[in-house]
Amino acid sequence: MPTININKKEFLKNIGKKLTDEDIEEKISMMGVAVEEVNDNEIIIEVFPNRPDLLSQYGLARAASTFLGTSKGLKKYNVNKSNYIVKVENTLENWPYAVCAVVKDLKFNDEKIKEIIQLQEKIGVTFLRNRKKGGPGLYPLEKIKFPIKFTSELPNKIIYRPLEYPKTISATEILEKHPTGIKYKHIVEGWKKLPIFIDAKNQIMSMPPIVNSHDVGKITEDTRDVFVEVTGTDFKTINTALNIFVSALADMGGRVYSTKLIYGKKTYLTPNLNPEKVKIDFNYINKRIGLELNNKQICFLLEKMGFGIKNNTALVPAYRADIIHQVDLAEDVAIAYGFDNLKEEIPKVATIAEEDKFEIFKRKLANILVGLNLLEVHTYNLTSKENQTSKMNTNIKNVELANSLNEEYNVLRAWVIPSLIQILKENKHHEYPQNIFGFGTVFKNDETKETNISESTRLAINLCHSTTNFTEIKQVLDVIIKALDLKYDIREIEHQSFISGRVGRISIRDVNLGYIGEIHPQVLENFNLENPVAALELNLNELFRLLNI
Amino acid sequence: MNYPKTYKSNNCRNFMEIKGLVNTLHSLERKLIPFLDKYSNFNEIVKNSGMQEIEVMRSLQWLENKQVLKIETKETKLILLTDKAKVYKELPERIIINNLSEKDTTLEKIKEKTKLSDIEVNATIGLLKKKAAIEITKDQTLKIRLNEEGKKLQSKKTIEEELFNKLLKNNLELDSIKDLEKLAFENLRSRGLLTINLSKERSIKLTDLGKQLVKEKIDTNIIESLTPAIIRNKEWKKRNFRGYDIKINVPSINRGKRHFVDQSIEYIKRIWLDLGFKEMTGNHVDTAFWDLDALFVPQDHPARDMQDTFFVGHNRVISKGKLPEELSKKIKEVHENGWTTGSKGWGGKWKPEIAKELLLRTHTTVLSARTLSKLKKEDIPAKFFAVGKVYRNEALDWKHLFEFYQVDGIVIDPDANLRNLKGYLKEFFRKMGYTDVKIKPSFFGYTGISAEIFAYNPIKRQWVEVGGSGIFRPEVTKPLLGFECPVLAWGIGMERIATSYYNISDLRQIYGNDLKMLREVKEFIK
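Listed in order, the protein sequences are those of chains A and B.
Each residue of the first sequence is one higher than the last, beginning at 1 in the working numbering.
Each residue of the second sequence is one higher than the last, beginning at 550 in the working numbering.
Excised from the complex, chain B in its bound form (with noise of 0.2 Å):
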């Protein structure tokens, strides 16, 4: 449905608006603004021009936003008789009193001649004795007369059969009758004979906008909406379209939509494409071998206790994989002597057993690992990244997921130096909208030189650390590779990017899947 125009200012109108208020006036609107030059009143309004109640009420309300007119509301209360009142001609007080005299007669004498009930009786012989108009004497059974007083009261009215006379003819307004009246109203309501009723009473003012207005000629045969049968008969010729108020807040419906941190994974994704990376992909769940040992991470390094890394099991007794036979004699060497690389090793017996621990890639590097190892020396130079979920074994909470995302990146080229790594860094984050990247020294055991990466948020101008990265060491690439080659690797935080992109200070918004915010989420635009 498409609303009639609001006009907000009040400021007199040059005759360019009049017209733009008269071309964006509702069908009911027309139908009903020659009426309000001669009737103010809304019941006269409804009554003559024959339109609904409700349509005569909505098109006077959107006339009233327009300041084309004031809807006055009054509220009276009206004093009314009840049923059981209207059934009297008369009180029964007078019906009663007409029948006393001063001489002595009994409740039966006075209801077998006025037919009114028990309870009627009792309760007007009471209020005539409250009055003092009568005399209650008490023999064999109690005998009643009217006395002076009562006297008077046969050729004079009370105050509470004035009102009720008047009531009889007409409803009276309570802010009309007197204060002496008052208390015979008082004394009526109490008595279960009137009510009040809250009555509403509508009454239109035209403004000066309103005047001008209802002077104007206005077309009633406008075209509301453009259907098939007026294309068909070319209506749309001979008459003119309402206009609307192209302004108005429409009601708002939801798109189909990525999830917000797909949208940035496929942009992240995206810039490595663009910077000439492969992808890869691979297992969730793998052995400590390419995990860990691959990656020449000592067999007692802490990282593989269970406090840490999500371990396939039952019971805190862990399931076991199978190891590539030729790969893991050479790193076996490696970590026991390190092998041909020309390092000394960690020393100590490499068991397979810890191996063979099955366990939730606690890092994306592990593809990188996998993919070293099936790199053959005419495919260098080769660049790879991955941007993959992995798990760390931690209660879940606002500053800790167990379940996330990390980019990994690899640069096997035999010219590849510390310089090109920071090169490689300073240009994805760059295309993140990080205008600076900064390096410190840092420790990874994989990595001989490692840094932190920290990069530069000009929106909120702050440094923040957002991975680590490296040069593999050549423990780590020989037994890969089959060679020598030095491989810049890297390895961010997915997750950090994208709350700061998205202001969100809880992780668990972001996995938190509350659909109203997915509807409402911005989309990831670099």
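Pulled out of the complex, with its shape left as it was, chain A reads as follows (with noise of 0.2 Å):
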């Protein structure tokens, strides 16, 4: 989740309250977003995916304002007028939509720009899903020419300097070269032509999603007003992301102006900054909550929560992306009424507790074994082909991983035994016997399953000490079979992992349940053992099965 730094000073003084430290952490971090650090100038905060209004220190401060009460639900902002007109022509269905605004009288200092990057940064990252959904740019008014248009070129007609660059280079180039260009290419890989903005005078103002032109697209110290432009895949979403921009802006002292988009034969004012009007459902908001607030109460904390209301209807902030639904309003009033002042209660309802028959029956099992003394180990169900197959002498299917980082734990393992005897290997310091049990899940490929593949659950027993042998791990088998109150076969049969004619399939009414015998030599030398290993290893779906309980 994303982090920003705000600077404190600046914060308090927006808000117009005085917090110490504490009163930070406590108080702000009860409004819905994380204080991870407070200290002498800044206050690192992190913000929830779903309100990236708050990932400037001027929606925070907005937001922190009517929630402490120095000021009272919705902020209005006046857009004026104007006679900006952006054109959107021959756009890439990859890439239709362009939403745009202008504003004026802004005083960028050093600590200003460095907030408007960061916006711009963390707005592309999250809300805009790191640049994949749209991409927000800002631009010296001055330095353009309106009519302005949002349209698309070959990357090889496109050339201009990009931002921070030495030169005049093709878009191609950018995509190679420029570090930006590197970074986002992967948005636009396999695109015929690429999205631009191009002013008047046929200057190319930028590369939307990936990089501004030096020239023209800028902001310094210098710049009063700005064009400001938010293009991507989803008009809702573009839109959203710019009345944030722009709310920013306006909180920051300017003054905001509309422009008019020309989509063929449809126009658009943009911004928009009129609240919506959602009805308040009072009934449910207290439900849900478990409250019984008065619809006044409700207003009330609605309103701290910087929503306007008319009529007991709610007014949603433009820059609110995540309103949708009414649990959203009733969210908002939990938390302007305090997580902390509802007063737990469990509820006096009769339900029937059950545990899982099938989880019992491995408890049962479990016991039985640390009942011989066995020592029970908890292997992850991710291993390495190598150690399944390779290592163990033989070779067995294993479902594989896409994207595994580890490369130790790439695939979904098909046998436990493997799982125990990779566990002797790292213990040989210590004292044997090393007599061990582990319950694991295996995967098979299996198109009968809604997924493809099929799970059960397995039990896997290492007996690790100088004498071990066949009879020793047969007496556990036979221990676990009595219990259950079953008789069992075996089957002798050639398996590359046991020593041949030590080795073993067990059944029950003709149901094969797994293997039992004396692990190979080569196998223990492949894992640096020393001492003999007998093992076994039951299906355990396929006994609970045979038990019909």
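No lab work stands behind these hints, which were simulated from the structure alone.
Mixed in with the good hints there might be a few duds.
Derived list of chain B stretches under chain A, where covered just means 3 residues or more per stretch with a C-beta under 8 Å from a C-beta of chain A [to be verified]:
1. 663-676
2. 814-822
3. 863-872
4. 879-892
5. 930-937
6. 1018-1026
Beta carbons: idealized from backbone N, C-alpha and C, even for Gly.
Dock the two chains into a complex; use the hints.
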């Protein structure tokens, strides 16, 4: 989740309230963000992904001031009329939309530029999904000439100087050489044309969502008026992103002007900072939280969260992306009420507890084995192909993972004995006998299943000490099967992991349940073991089925 | 083997203590004690007691531990003649001097007369020359004769000889020889005629306690081990038992044992069962549909990224599973426009291909989703829990596991609310030993009202983040249940609780399976 660093002094000035560091940690975190750190100069805050509007000092101060009571209800933003025109023509199906605004009279300084860049970045990463859904851009107004066009062009015809780059290059080169180009080129991979903004003087302003022009798309301390745009795949999403930007710039002291977007025959005026109206379901909200507040109290709490109220209707600020259902209002009411103030209560509702029968069965087996002085181990279901096959002297098909970060753990196991032998290998320096057992899930391809994979739980037992043998492991098997009041057969088989003539398949009523035998010395050598190992593995799902309980 | 009792204090003991001491004496000690009064030398004790040397030594050590006696060891360095020297009755120089006169003679003649070897003759002539006892002249052959000094030696013994003669009779202690003899000692040693042998001599000195003990009447006919024979022949009625030192440490043994994680899982399960919850279990591999889509996680959510979630497949190509036909229609609607839930949905197009992707479940909440889909209206109110493995594509290090446990719970109840959620969580954590629970606003895609759970550990005196919770959004519950009903839900990290209980700082230790640690670690008892 994204964290933002904000200037403590500026923040407190914007709220209009004096707060100690403890207050900030306590109160701000009850507002719905996580306070990571408060130091002398900075507050580091983790913002949850549903609230991109809090990704700047201004957004956060706006929310905090209503929450802490230094202001109340919906903050109004005026959008002044203007003649700025943006034509949206021949855009790409992959990247069709643009929304824009103009903000004037900003007094940028180093600090503020940093703020805006941080907001731009963080919104790009979170709300706009690493720019896959959209990308924002800012331009000094005096460098560009309206009407502006958002369109697309062949990469070799897009030639301009990207931000902080020494010279003019083509789009193809930008994607290969420019750091931002390299970082985001995967978004536009395979696109024949690329999106561009171009102004009335035919200057290329930017190539969204990759990088702006250095000449006309760079904000400096001299910048006073800016052109803001967000482009992307989803009209609603980029609108919210634009609103978040513009509201922050307005809070910074700017005056907002609309732009007229011409999409063929349709025209839109953006930004639209009018709040959306949502009818408040007071009963629903009370019920969900477990309160009995009257309408006035609920309205008051909504105002604390920055909503406007008009005739039992909530006015949802244009920068809020997350109010899509009545539950979201309920959540904000609960936050405003204070989670700490909610009295916990367990309802007197009788329900009948029930433990899973198979889990009970597993526990009984574990108790039997503990009674035989065996030690339970707990191993991962993820393992390596090598551990499952070549080191075990055998071949077995494993379900593989597409993208594991760990080479040692990139398949799902098909049997459990190898995991236990690996443990014996790692414990050679400890006292013997090392008689261990473990439960594990195993995975096999199976077209009949919803996931095309069948899973079952296995029990593996390894006895390891200088004199262990087949007799000893068979005694353990006898104890288990006898405890279940069943009778088993053993059929001789060949299995490369075991010594020939000392390995068998266990079955009950012709249902195969697993293997038992003495591990082959070649396997012991592969695992650097110097003591013999007698082992068995049982399919517990099958065994459980045979119990008919 | 039961070792005899050890006494630590050396204070004057009363009568009872002496009796106690006698009672715990081992049969070997009993056999030995009568001889301690008469003999103090170890070898003599061995000789007279008729016991084996090792038995005597062991008994003496036990008695020394009980402060009955002190074993004193004297180390002496003894000078011995070597095997080579033992052949001689007198030293070669004496033989040669006795065969020399003032008249010249030759080496050949000396050898003939003395029957000494070439080497011995040559060495001895050299020695006498050094002592200035002979004159050697060189003609055609070497001529040797005694001089005045030599003549004196014919009637007088050298210091070496004196030492040699003493040693022929007795071994000497190195410390006992005089300064004058030391030179002779070095001389003879350099000629390989002497050697030094270290010998230890042990002797026993009784303490006051020991002196009292030897006067006691000691029963030597005690029962050391109770055997079937002794029971059968009722011998135990006639004889006394030796008392053991019941405080002594005994060698450790290993027991069979459940893994400590499974112990804590059992405990956690017990709590939910006590609170009236039913257990949910299910597959580890599932489709994204159940793990994410059914939980209203948007299809462009980072949880679907390759770096966060394990997908089944090969070389970054993800395998697909099957979708439940009816339900996927509803889920599609919910994502695109909110369906009949009153929500706006996420907008955009919901793609079944993305939902088919196979993954290792990222949370046990997938089990909750499946449970809700099977629940009928007449089954509610209902409560379920799961303790199961979940997977995250993390590199393994001290604070990251890729495979770990999550505890999930859901309460399906038309009247369920946020205060109830707090109530269930508080009760669970109280039973886990955490005295208080706090919830803080948070965000999870599938809950409307989301809360992070913090529990107070009274021993460590700190709030710990233990999981996430909330009330499932209608976008989750309505398509799965088929009707509207609030569902409280939580997911709690298991390892956080286990590591705190077992004071484990490196998460890898939890599934490191160090057998020594597994054998020694305490039981999970709360």
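Evaluation of the provided hints:
| no. | hint | verdict |
| --- | --- | --- |
| 1 | 663-676 | violated (count 0) |
| 2 | 814-822 | holds (count 4) |
| 3 | 863-872 | holds (count 9) |
| 4 | 879-892 | holds (count 4) |
| 5 | 930-937 | holds (count 3) |
| 6 | 1018-1026 | holds (count 4) |
In terms of the numbered hints stated before, the structure departs from hint 1 and from no other.
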